[in-house]
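Since the structure of chain A is already known, use the hints to place chain B on it.
One-letter residues, chain by chain:
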Amino acid sequence: MSRSLRSLNTPNKISISFFLLSIIIGTISALIMLGLLLSEADSGLNLPSVEKIKLKYHYPELVAAMKTTMYEYVADDADIEVVANWISNGSSEEVFEQSIKPIMRRDCTSCHNPTSTMSDAMPGMPLTTYAEVTKHTKAGYSWVKMAKQAHVHLFGIGTFLIIVTTIFAFTSFPSWIRSTLITITWTALLIDVLCWWITKYYLIFAYLIVGAGSAMSGGIIAMAGLALLDCWIVIPFLSKKTQAVATDSDA
Amino acid sequence: MKLPLTVLAMASGACLLGALGSCGDAPGDTNSTSTTPAGAAASTDVVSIKVDAPIAIDAKVEAAWDNAPATTITVDKTPYKPSNGYEGMTSTTMTMQSLYDTENVYFLVKVKDPTKSLARFPWIKQDDGSWKQSANKDSTGHDNTFYEDKFAVYWDINTKGFAKKGCAISCHMNENGKVNDIDDTSAGRKYTNAPGETIDMWHWKGVRTGSVGQVDDQYVNNDAPGDNKNWGRHGDTKTGGGYSNNKSEDGTLPAFMNPPSASANTYWIKASDKVAFKDTFKAGDIIPGIIVSPFTGHRGDISAEAVWADGVWTIEMQRKLVTEGGEQDVQFSDLAKTYHFGVSVFDNSQINHVYHEGVQTFSFK
Chain A
-11 MSRSLRSLNT
-1 PNKISISFFL
9 LSIIIGTISA
19 LIMLGLLLSE
29 ADSGLNLPSV
39 EKIKLKYHYP
49 ELVAAMKTTM
59 YEYVADDADI
69 EVVANWISNG
79 SSEEVFEQSI
89 KPIMRRDCTS
99 CHNPTSTMSD
109 AMPGMPLTTY
119 AEVTKHTKAG
129 YSWVKMAKQA
139 HVHLFGIGTF
149 LIIVTTIFAF
159 TSFPSWIRST
169 LITITWTALL
179 IDVLCWWITK
189 YYLIFAYLIV
199 GAGSAMSGGI
209 IAMAGLALLD
219 CWIVIPFLSK
229 KTQAVATDSD
239 A
Chain B
23 MKLPLTVLAM
33 ASGACLLGAL
43 GSCGDAPGDT
53 NSTSTTPAGA
63 AASTDVVSIK
73 VDAPIAIDAK
83 VEAAWDNAPA
93 TTITVDKTPY
103 KPSNGYEGMT
113 STTMTMQSLY
123 DTENVYFLVK
133 VKDPTKSLAR
143 FPWIKQDDGS
153 WKQSANKDST
163 GHDNTFYEDK
173 FAVYWDINTK
183 GFAKKGCAIS
193 CHMNENGKVN
203 DIDDTSAGRK
213 YTNAPGETID
223 MWHWKGVRTG
233 SVGQVDDQYV
243 NNDAPGDNKN
253 WGRHGDTKTG
263 GGYSNNKSED
273 GTLPAFMNPP
283 SASANTYWIK
293 ASDKVAFKDT
303 FKAGDIIPGI
313 IVSPFTGHRG
323 DISAEAVWAD
333 GVWTIEMQRK
343 LVTEGGEQDV
353 QFSDLAKTYH
363 FGVSVFDNSQ
373 INHVYHEGVQ
383 TFSFK
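Protein chains in written order, with the working numbering: chain A, -11 to 239; chain B, 23 to 387.
For reference, chain A alone in the conformation it holds in the complex (with noise of 0.2 Å):
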């Protein structure tokens, strides 16, 4: 007799299928969070913009709110080239006070000084100053963020992989489905994590970012879609063949 989760009592169906479900769920939430947060939309389900991605992954804290947040501030859209490019030629002070600070005074130090009172002041993150400055200047997410964030996104999205692949691994769907499915999705998790570091210092990663991430919430809904549809019917294609196999080696 083939091995399908179709041979499972229904109770134990029935507990799976809703936990599949679950995760089909969360993970098209999760899709609708990261489109919304990487993209200009407010809602719905939206691709993530590449360039959301650069500034999030790759540039500093400073060029990347000049580009976006505190963009309504910049006089002049070539000053964001000016202070991009103080920061990636080594941030030195002597160009700070001769061409960054002038800048600083003229679009952003009303409301990031520690004196402001103006609407919307920013007293708490002060730009005055080249130390004060110098603290938005590293690329991307810290190491302390980016470590953070990678140990909670493995740890978590491992535990409730490691449930959806075993389930998966359980169908009776022809075994190179299941290997090439649960492969991909496990390698898309940790290219996704690696690539956050990498695009600190290669900004092309950020495809990858957005091509691993894909890969990965991808697999999870293939296959606990398919994991779902197995615990009830026989898919017409793929079981078909299972059960072909199985019958040849009975005989």
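No lab work stands behind these hints, which were simulated from the structure alone. Since we're looking at a predicted model, the values are computed, not measured. C-beta atoms are modelled at their ideal positions from N, C-alpha and C, and glycine is treated no differently. It cannot be assumed that every hint is accurate.
Facing chain A, according to a computed beta carbon distance under 10 Å, are these residues of chain B, among others [unchecked claim]:
#1 Asp205
#2 Ala209
#3 Gly210
30 Å max Cα-Cα, derived DSSO-like pairs, lysine-lysine [stated by the list, open to error]:
#4 Lys89/A - Lys103/B
#5 Lys200/B - Lys126/A
#6 Lys89/A - Lys182/B
#7 Lys103/B - Lys123/A
#8 Lys200/B - Lys89/A
#9 Lys40/A - Lys182/B
#10 Lys251/B - Lys89/A
#11 Lys99/B - Lys123/A
#12 Lys99/B - Lys89/A
Chain B alone, transformed into the frame defined by chain A:
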């Protein structure tokens, strides 16, 4: 049973495809400086409508104004928190309309302000017979208690960045007791960022210029502070007129008063009416703190009449499309051009004002 599961399978498939599709998204130049103006403030358009007959500047809203679309502008930001408290508005709305003819441009502004404030530094006779000029200045030396309502427009002339950031481009707040590295007690200073950059500043001062039918025509340049105590802020060139503090030489008494017979205003004395101060008053009586007369010369280029009723200032203004004030004025010489401006409202305050972020646009139709 079968149908919902098929739908589910299709949905997950679609998600997978959709997500993978994003891999190929925007394969742009990796060094691209292209920006996403996520937070860029929306600008508002005021469109001026052509009229055949001149508009009377009388703060009466004649029928011609019905043809001019009203643009609503919310002003809800303030530059500082006065040290001795602040009772003025921190947010309000206003509408702006415009008309023009072959010679002049007209503006009708309605500002919501629940309090009509005209008691600018009035003299009050004290119980002991002495006189005291009322004031309640904050740590920056500015008053928000005994002042006047004001309204201001900044017009970009040639200032880089104004078209995006509006008035903020010339706003330099005090940082740790300094502005532009110079010790300063003010809350902040106005000046442009480069020599030659100028902003036209229309400053309707309810008492000091409103009383004589004018907007104070001023401008902002790059002086920071230069030899100007107001840093970048200057009055346009004048040949005469203006306002002055009504104060005796030793500063203890009013110098002038309204003639007793005149149905005079409590809070100002027209220069043409003034008579020498003679103390025949009783405790609690008020003598105006300011002597006013219309500017002559370019500082008087803008005429205005205003009326306050039911919590709204209605201000009607007129200026020549093109003045002889040269560099000190925005010149509406090209009716096809888009002009940039910003507005702010002063509620009984000397410098604390409610403003908007970003810029407004103005064009002729």
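Status of the hints after comparison with the structure:
no., hint, verdict
1, Asp205, "13 Å, violated"
2, Ala209, "8 Å, holds"
3, Gly210, "7 Å, holds"
4, Lys89/A - Lys103/B, "25 Å, holds"
5, Lys200/B - Lys126/A, "29 Å, holds"
6, Lys89/A - Lys182/B, "18 Å, holds"
7, Lys103/B - Lys123/A, "28 Å, holds"
8, Lys200/B - Lys89/A, "15 Å, holds"
9, Lys40/A - Lys182/B, "28 Å, holds"
10, Lys251/B - Lys89/A, "25 Å, holds"
11, Lys99/B - Lys123/A, "28 Å, holds"
12, Lys99/B - Lys89/A, "25 Å, holds"
The structure does not agree with numbered hint 1 stated previously, though it agrees with all others.
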